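This is what each chain is made of:
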Amino acid sequence: MNSVSHLTQLIIANALSRRRLCILLCLALAGLIAASPEEKRISIYSTAANYALQVSDHGGKDYVGLLEILEPLGTVSAKTSDGHWKLTYNDAQCEFTSEKKRARVRGKDFDLTANFLFENGRGLVPLSSLATLLPRILGGPVSFNEAARRLFVGNVAVHFTAQVAGGNPPKLVMNFTAPVNPTIATEPGKLQMTFSHEGVVSPGSQLLTFGSSAIPSASFQEKNGAAELDVNSNLPLMATFSNGSRTITVAPPAAPVASTSVNPQAPVPSPAPAASVMPSPPIAPVPAATIPVAPHYFAVIDASHGGDERGAALTDQIAEKDVTLAIARSLRQELTARGLSTMMVRDADVTLNPDQRASMANAAGAAIYICIHASSEGRGVRVYTALLPPARESNGPFMDWNTAQALYEPTSQIAEEGIAEALKAKNVPVRSLAASLRPLNNIALPALALEIAPQSGDIVQLTSPSYQQSVAAAVATGVVNVRDKLKVEPK
Amino acid sequence: MIPRHLIIAALIMVVVALAMGFYVWRMPHRANVALPPSADTLPVAPPVSGPTENVVLYVANDDSGSLQARTASIPLPAGRQERAQELLRALLEIYLDKSSPHALGAGSEIREVYLVNPGLAIIDVNGAFANLHRSGVLVEELTVASLIETLSANVPGITRVKILVEGNQRDTLAGHIDLTNFFDVAVMTQLAAQLQNVP
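Note that the protein sequences, when read in sequence, are chains A and B.
For the first sequence, the numbering used here begins at 38 and goes up steadily by one.
For the second sequence, the numbering used here begins at 897 and goes up steadily by one.
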């Protein structure tokens, strides 16, 4: 009986070692594949479809099949006759000749940057010609990042904002303008998100800094038809999706809660959410815990409007949302240069409602909130504080969302005076007013809105970087002048 | 044999008769085409009856970015609510005039003013008023302050005002000034004083 058992053990051990050998061989093969040069590809983003194509190398130049690019975008056909490759895309007729740069597109001559190639029945065009060739064929705008091999047909780019919300542990919250589904990988010191199928573009800067010791920065890069966002942290991170995959929250995994139960096998109850003394929008799903949060930023800058909400049409070409973002960025630069950390509510062309803006500002625990507006009416700068009812009912420790600013009115007026003085010192016409302008009344910190008009009366001045910088510098000086008075607790 | 001149005369008469018939047949159609559709979509304000009174209208001025008190003599009906409507319609007449200091979009109207006790006034403007309003904090604020201050200065007892557009609540007038909350008249009077004080 013992010998039979021993024999059985030997057979099992032998089978296991064979299995291990197979696994090792598979791993080695996978390693070899992984070690081989990365296949070049181009990603195309359009309203019809997002797709990727293989890029081939011919004589040191990158080529891609033109028919394959156009097929998902419309009705396309191609035929060969007498050494010519004739392509029809919707109503556009194109003709290419093998080994020639000269082509005809919609009846007009067009020069490719390198010879057209006809290979195995496929018409190949150089990648470097796509930026000029495709708009002619498609009859619409195309944006091509040749270095990263990312092609955007029409206005399909996905923008995002990223900011660290205060709390313990801190969370990096990223809001995207469309649902995203990145591939996520973690390694010590960073969490990497790779967007292969979504046209995610840079929020304006390749390096995003958050002023948080736990999540100090993130870097954005585009390469080989994909966008990569690396979140740097000294903690292990985990990403969660919400808002229909439009929001990604990156945070350290929840620490196990110390159980007070004497029975270690009992399930650990999750802590009940405590009532919040910070104001929340009426439909806020979960109140935040009452934890005194040290300010992470000195100032919150809010470029008004954005995304679908264009704001005022300052001219036929200039939308308020673009001017406010440019001025907000200039103000951030001026405040940072004066040693004041700032958070931008939006740093890209995204749509945010007043409740979202107020929530982000209130969560930042900053000393001042400044909202930027722009106008073609009047001259100079108008500084607004919230227009609030004179008497308010007491809600005990809770703040009314619609009058959250009430407690901070005196400090807001101090800030208003400081900024107005600094603008006057720079000979900028300035006027101080109150306005029923959201989200000012929802902000639980000193809050102002600036409506910036051209000083000269010429609306083009609003888009002038020098004018934007001079106004931003004066505002930053005003903030610095009253900074010590802003850090007071609300009465 | 019929004389030639009679044949020619008969032919001319037939041609004239056909031409007149065609003209008469086309007349109703031309009359329909000639009427501009917008001409009959504008409501005709009923003639206001009542004694002429001196009132103070708070008129926005875009050049100075200010509110200016302006005395006007207008016929006002006896009823409080009708009086409020006529006041604001008189104000809008100034804004819709070619030489308006604060132009509003064509077709802007005050649909109704409702006075609800105690002290609440609801101003219901039409879609054109809001949809064609220029966008900006100051320009929208001037409009709102002008309406509320004119109303409260001439119709005693109003303490709060709500502005609706086509009978519905709207987030903002034209992208900036919040219309979701009630306007407190005391606060708006302070604002109107600020707006009258041009630096």
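Any given hint could be a false lead.
Covered by chain B, per the in silico footprint, the following chain A stretches (three or more residues, Cβ under 8 Å) [to be verified]:
#1 414 to 424
#2 447 to 454
#3 504 to 511
Only some residues are given here: those of chain B computed to face chain A with a beta carbon under 8 Å [unchecked claim]:
#4 G946
#5 E949
#6 E989
#7 I990
#8 Y991
#9 L992
#10 D993
#11 P997
#12 N1027
#13 P1052
#14 I1073
#15 D1074
#16 V1083
#17 Q1092
I should point out that these hints are in silico values taken from the structure, not numbers from a laboratory.
Quick caveat, the model's predicted, so the values are computed rather than measured.
For every residue, glycine included, the Cβ atom is placed at its ideal position computed from N, Cα and C.
Taking the hints in turn, this is what the structure says about them:
{"no.": "1", "hint": "414 to 424", "in the structure": "holds (count 5)"}
{"no.": "2", "hint": "447 to 454", "in the structure": "violated (count 0)"}
{"no.": "3", "hint": "504 to 511", "in the structure": "violated (count 0)"}
{"no.": "4", "hint": "G946", "in the structure": "violated (33 Å)"}
{"no.": "5", "hint": "E949", "in the structure": "violated (30 Å)"}
{"no.": "6", "hint": "E989", "in the structure": "violated (22 Å)"}
{"no.": "7", "hint": "I990", "in the structure": "violated (18 Å)"}
{"no.": "8", "hint": "Y991", "in the structure": "violated (15 Å)"}
{"no.": "9", "hint": "L992", "in the structure": "violated (19 Å)"}
{"no.": "10", "hint": "D993", "in the structure": "violated (19 Å)"}
{"no.": "11", "hint": "P997", "in the structure": "violated (12 Å)"}
{"no.": "12", "hint": "N1027", "in the structure": "violated (13 Å)"}
{"no.": "13", "hint": "P1052", "in the structure": "violated (19 Å)"}
{"no.": "14", "hint": "I1073", "in the structure": "holds (6 Å)"}
{"no.": "15", "hint": "D1074", "in the structure": "holds (5 Å)"}
{"no.": "16", "hint": "V1083", "in the structure": "holds (6 Å)"}
{"no.": "17", "hint": "Q1092", "in the structure": "violated (12 Å)"}
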